[in-house]
Structure formats: structure tokens, C-alpha cells
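Below are the chains, spelled out letter by letter.
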Amino acid sequence: KQEVTQIPAALSVPEGENLVLNCSFTDSAIYNLQWFRQDPGKGLTSLLLIQSSQREQTSGRLNASLDKSSGRSTLYIAASQPGDSATYLCAGRGSGGSNYKLTFGKGTLLTVNP
Amino acid sequence: NAGVTQTPKFQVLKTGQSMTLQCAQDMNHEYMSWYRQDPGMGLRLIHYSVGAGITDQGEVPNGYNVSRSTTEDFPLRLLSAAPSQTSVYFCASSYSIGDNEQFFGPGTRLTVL
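Residue numbers (the working numbering), protein chains in the order written: chain A, 3 to 116; chain B, 9 to 121.
None of these hints come from the bench; they were simulated from the model.
Model, not experiment: these values are computed from the prediction.
No incorrect hints appear here.
Below are the DSS-like pairs computed for lysine-lysine, each with C-alpha atoms no more than 25 Å apart in a straight line:
| hint | chain 1 | residue 1 | chain 2 | residue 2 |
| --- | --- | --- | --- | --- |
| 1 | A | Lys70 | A | Lys103 |
| 2 | A | Lys108 | A | Lys70 |
| 3 | B | Lys17 | A | Lys108 |
| 4 | A | Lys44 | B | Lys17 |
| 5 | A | Lys103 | A | Lys44 |
| 6 | A | Lys3 | A | Lys103 |
Construct all of the structure, not just a fragment, from the sequences and the given hints.
Right, dumping it as C-alpha cells:
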């Protein structure tokens, strides 16, 4: 059974700092991994999707990497801003017979202080 | 495109009442799904559909019913609400099952008294 863990559960940084959020998964037979952002009381906004054949994806100040062999993904945020404050979730999609669902981590609550 | 829409945004039910949470998407996505989000539990899959007329159970299907008569709509029915079903419910869709990006709706916050 796939399990996804996100560390740390909460992170507070000053504005302008570069930061890394971590996501680990137990089953390396992962089809893809998706990072989401969730603002308080809101839905999930997709940030980046990495296919199993890819090692990284970039969008603006965000860069996500995927290492299937070690069961890890990281989300790098450059030059953080107060508007980046949110909960960040990673989710892995299983392969084969498990490709119908995403398995979510519990998220990292990021606070960027002005 | 409106994307994935959900109604209502908030709902309070009494134990034993039934209701339907609505979900619609205008992206011609074949795959749709329902998740619930609970504190400390993360998001868990309730039911999913790979196309009109085809539905299947996820991790936590008990107490919920779904049907998919059109590509656009995927309603979630609570048959007899229980306090354990107090949660935030999210509908999601993607072009197909498997390797596509998932898009989520804004959620329905449900309280069962």
C-alpha cells in the first residue's frame, strides 16, 4: 500500500528565502507525482505534475524533482514571498491496477513572513 | 472554462438526513472522482468514474453513492448522514485515468449534527 509522507509538517521562513519541501513515498512503482497548493478554506490548485519518466519540472519560481529509486520528491521555491503562504500537498498516482487514485501526503504548512 | 464546480459550498445536516453534493466540469474530462479531507487524515478517495455509466469504489465508499449519467456531472449522494461524515468534500477531474493532471473543485464543507 502506497504511503506518502511530507516533512516538515510546518515551516516558517523570512521573505526572500529559498526553501525546499520534502515528499517521500513507499512504493517506487509510481506513475506520476503531483504537487498542489491549498489556501485556507479553499480547494487544491495544481502546481506541477512530474511523470515517472521525468526527473524534474519547472514553473516560474517553482521546481519539482522526482527520484523514484529513493522514493523522494522535492518542491523548491525560490525567493519566497508572503503570497506563497499556504499548505503544500504532494500526491502520488499508483501504476497498473492502482492508477485510479492519488495517494496524498498530509501537507506542509508554509508561512512566509514579510 | 469554469473548470470544476461544486455546490453547495456549505451544508449542515441532521443525522439520518440524505443529500446530494453536486459536481460538474466543462473540460470534457472522462475521469472524475470524489475525495474527503479530514484533519490529520489527508485526502481519501471515496468513489471515482472513468466515463459516463462507469463508476467504482475508492478507499472509503461506505455511506456514499454515485452515478454518472453524463460526462459533465458526477453527483455524490449521502444516503443517511452520520456525524462521521462531517468533512470537506472535493470533486476532481482529469482528461483520463492515469497520467493526466488532476483538477480540483473548491469543495463542500459538510457538518452532520
